[in-house]
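**Q** Given next are the chains, with one letter for each unit.
2 protein chains.
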Amino acid sequence: MPEEEKLRGMEEPIYAVPGFKASAVAAGIKKTRGLDLALIYSEKVANVAAVFTKNKVKAAPVVLSREHTRDGRARAIVANSGNANACTGKAGLATARKTAELVAGELGILPEEVLVASTGVIGAPLDMDLISRAVPDLVKGLSWEGVHRAAEAIMTTDTFPKISRFQGRAGGKDYGILGIAKGAGMIMPDMATMLGFVMTDLRVEADELRDALISSVDSTFNRISVDGDTSTNDMLVLMANGAAGNRELRGEDRKEFRSGLTRVLQDLAGMIVRDGEGATKVVNIEIRGAHSPSDAFEAARTVANSSLVKTAFYGADPNWGRIMAALGRAGITMAEESVDIWIDEVQIVAGGTGVGPESERKAAEKMAGDLFSVTIDLHQGACRDRVITCDLTHEYVSINAEYRT
Amino acid sequence: MPEEEKLRGMEEPIYAVPGFKASAVAAGIKKTRGLDLALIYSEKVANVAAVFTKNKVKAAPVVLSREHTRDGRARAIVANSGNANACTGKAGLATARKTAELVAGELGILPEEVLVASTGVIGAPLDMDLISRAVPDLVKGLSWEGVHRAAEAIMTTDTFPKISRFQGRAGGKDYGILGIAKGAGMIMPDMATMLGFVMTDLRVEADELRDALISSVDSTFNRISVDGDTSTNDMLVLMANGAAGNRELRGEDRKEFRSGLTRVLQDLAGMIVRDGEGATKVVNIEIRGAHSPSDAFEAARTVANSSLVKTAFYGADPNWGRIMAALGRAGITMAEESVDIWIDEVQIVAGGTGVGPESERKAAEKMAGDLFSVTIDLHQGACRDRVITCDLTHEYVSINAEYRT
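Protein chains in written order, with the numbering used here: chain A, 3 to 407; chain B, 3 to 407.
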């Protein structure tokens, strides 16, 4: 985990964005007794944009936070790990609502200004008493430097906290974009399963904030995959509190903000795959020459989610037949005899058949590393897409067969 | 493997159907040097019906056998394991064609009467010399009792040969239906990946044969899943040689034939799941109360293919939250609060929330066995469907990470 080491080596202030504070406590929700309750707080009312899971089974905090972001304004996010508060019925929704009220009361703000997020086991009741007891300390603990602890507190099977930041300048004012996220299973395109909280002190109007978030998510979080499952609790929240004091975002400044936001989300998304449950390799599936944008995406998605392809990655086996078979069932326009495939820069398939043992040997060497690309040219058009995925390992099975028991 | 023992305990003649002979040899195609080339031969020209993979990447033998079954008549099937002859271009098709010619020459029949099937590694050239050298012995070895050896010769990662038979009576004549199949990875609904060869001595007209096959496949092979991948080589062939001497099939006799055929296919499909790569448990996913037939199928398919659900099966963990999350992303009409779920007869979810720890404890006991059902009532309508699946295990990962290397 080079990122973790890099981040740990940085100075603390790098985790702060003006006007935002954060904190975390161990409330006793996680069985491991680690940090499990996080709070992010904006001193001023912030503009907010958020995207939520498209799963039809939505956790109580998702239902509540959708409601609380509808007016485009918010001041706080309270998030717990260890319990998803999903499939918990009316009692679960009451718990989420009560959590927002408690935090609002302690902060002296409105309950509608508090968003709630949860991650962990589905279907178990979330103990309100644990949260009630923890909230006062949680609020007391708020500090400029609390973001790293908050990033730790939202982890479940993650092995390292995920933090990324971007530093920009707009209309003569410096600003930051700071994001934290958690994975690590149930990840697939279409709003990867995760929690992500991003703060900026830039002033960004609500419409622009929403547009920027949606477009950035589409090329980042919606392009990663760990196991093809999506979750009941996915949530990505972007808050902009305007503490930088800039005027309305325009032209180049707007472009820079969007590209900075995309970089932060790309960073976090990459860390999620790298920390995918049991993953030992990160693989970039690149599709070229697709007939349509949806063909390009479906091709990438199907290859990225194939259990047979992912176990071959694990075995560092350039078993391109499995890639061909996955393409063949992706429901796309294709001609077997037109397909070219590369592992990094080593071509292993030309015109639908194998290039030969020497190229496979070279490809296997590339695959022995922990990061490589599979590039597929379908030669059916000019559309491209990509999905970042990981391998399917013994450890994935261990983690998920033993997660609750 | 109780099936294998049971079959081995049976008298040899049970594997025979009048007018059909079979044989198998070790041609040296499989690295293990075991039996890898099988032949099934009908003394008379038989009516034939077949279904093939819907994967757009089709192996050479699939292309050839589709051509050779178009007239509804055939006399022989030659099948190799160890090499799929897929993604092998024009050379591969020439090899498949040459194989049919060689076998036809040796048997004194027409090349168009010979079907070819292959299973194994994709993308490696199939060595024609190995086949040329083996065909004379293969034909010499034909016998009434050869079906068991043929069933062994088509195995790849299968751990036991798959044979099923049905004995019926039509218009005063006894007849048999005898089928063999191989799995064991790349299995999913929509023509499970496999080879299946079914023989009957009943006289069945070509149209009825095709209708019977398609309807039986839909409720059997199209309702099993091992890993959600489909193959380039799927093929299920049904030959009827009329040796029983019956007149045209009608009324009750036709019904009995169809139900006998379905039983044989159901049997073989069940064995394929039981022998799914690394599988330790067979799980029957039953959907009730779906809004539409396609909703019922999609719900069953999505739950049956979820890696998170399948690892929970492996851990005997009644982690119903993962089942709810899978239903939520299945794209079906559903209301979380209307879902009921049972493990065998133990209800674990009522109205979208957990029944409690005591029921989960009982459910975990059921899941400790090697066969159980998950029944899901969506309460959205009257449609039902089911898919038979297996668990996702360490062994699955081992088999597929190390298959070629």
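No wet-lab data here; the hints were simulated from the structure.
Watch out, some of these pointers could steer you wrong.
Just so you know, same-sequence chains aren't split out, so a pair can sit in one copy or run between any two.
Computed list of lysine-lysine pairs in DSSO-like fashion (alpha-carbon distance at most 30 Å, straight line) [as the list claims (entries may be wrong)]: (1) K142 to K32; (2) K142 to K368; (3) K32 to K368; (4) K33 to K364; (5) K364 to K46; (6) K257 to K46; (7) K32 to K58; (8) K368 to K58; (9) K32 to K175; (10) K58 to K364; (11) K364 to K32; (12) K142 to K56; (13) K368 to K100; (14) K100 to K56; (15) K56 to K257; (16) K142 to K100; (17) K142 to K257; (18) K368 to K257; (19) K142 to K33; (20) K92 to K364.
**Q** If a hint holds in the structure, say so; if it doesn't, say that too.
**A** Status of the hints after comparison with the structure:
When the C-alpha separation of K142 and K32 is checked against a cutoff of 30 Å, the pair qualifies only within one copy, where the shortest distance is 21 Å, while the shortest distance between copies is 69 Å. In the homo-oligomer, the alpha carbons of K142 and K368 never lie at most 30 Å apart, since the shortest distance is 50 Å inside one protomer and 48 Å across protomers. With identical chains, the CA atoms of K32 and K368 are at most 30 Å apart between copies only, with a shortest distance of 28 Å across copies and 39 Å within one. Taking the shortest alpha-carbon separations for K33 and K364, only the inter-copy value of 23 Å comes in at or below 30 Å, while the best intra-copy value is 46 Å.
In the homo-oligomer, the alpha carbons of K364 and K46 never lie at most 30 Å apart, since the shortest distance is 56 Å inside one protomer and 52 Å across protomers. Taking the shortest alpha-carbon separations for K257 and K46, only the intra-copy value of 25 Å comes in at or below 30 Å, while the best inter-copy value is 75 Å. Proximity of K32 and K58 under a CA criterion of 30 Å is satisfied intra-copy only: 26 Å inside one chain copy versus 47 Å between copies. In the homo-oligomer, the alpha carbons of K368 and K58 lie at most 30 Å apart only across protomers (28 Å), although the nearest pairing inside one protomer, at 40 Å, exceeds that limit.
Within a single copy, K32 and K175 get their C-alpha atoms no closer than 41 Å, and across copies no closer than 69 Å, so neither meets the 30 Å cut-off. With identical chains, the CA atoms of K58 and K364 are at most 30 Å apart between copies only, with a shortest distance of 28 Å across copies and 45 Å within one. Taking the shortest alpha-carbon separations for K364 and K32, only the inter-copy value of 25 Å comes in at or below 30 Å, while the best intra-copy value is 45 Å. In this assembly of identical chains, K142 and K56 lie within 30 Å of each other by CA distance neither inside one copy nor across copies; the values are 35 Å within and 61 Å between.
For the identical chains of this complex, K368 and K100 are neighbours neither inside a copy (52 Å) nor across copies (37 Å), given an alpha-carbon limit of 30 Å. Taking CA atoms no more than 30 Å apart as the test, K100 paired with K56 passes inside one copy only; the shortest distance there is 25 Å, against 52 Å between copies. In this assembly of identical chains, the alpha carbons of K56 and K257 lie at most 30 Å apart only when taken from the same copy (28 Å versus 45 Å across copies). Within a single copy, K142 and K100 get their C-alpha atoms as close as 19 Å, which meets the 30 Å cut-off; across copies the closest is 81 Å, which misses it.
For a Cα distance limit of 30 Å, the shortest separation of K142 from K257 qualifies neither inside one copy, at 38 Å, nor across copies, at 76 Å. For the homomeric pair K368 and K257, neither the shortest alpha-carbon distance inside one copy (36 Å) nor that between copies (57 Å) is at most 30 Å. In the homo-oligomer, the alpha carbons of K142 and K33 lie at most 30 Å apart inside one protomer (24 Å), although the nearest pairing across protomers, at 68 Å, exceeds that limit. Taking the shortest Cα distances, K92 and K364 sit within 30 Å of each other only across copies (26 Å), while inside one copy they are farther apart (57 Å).
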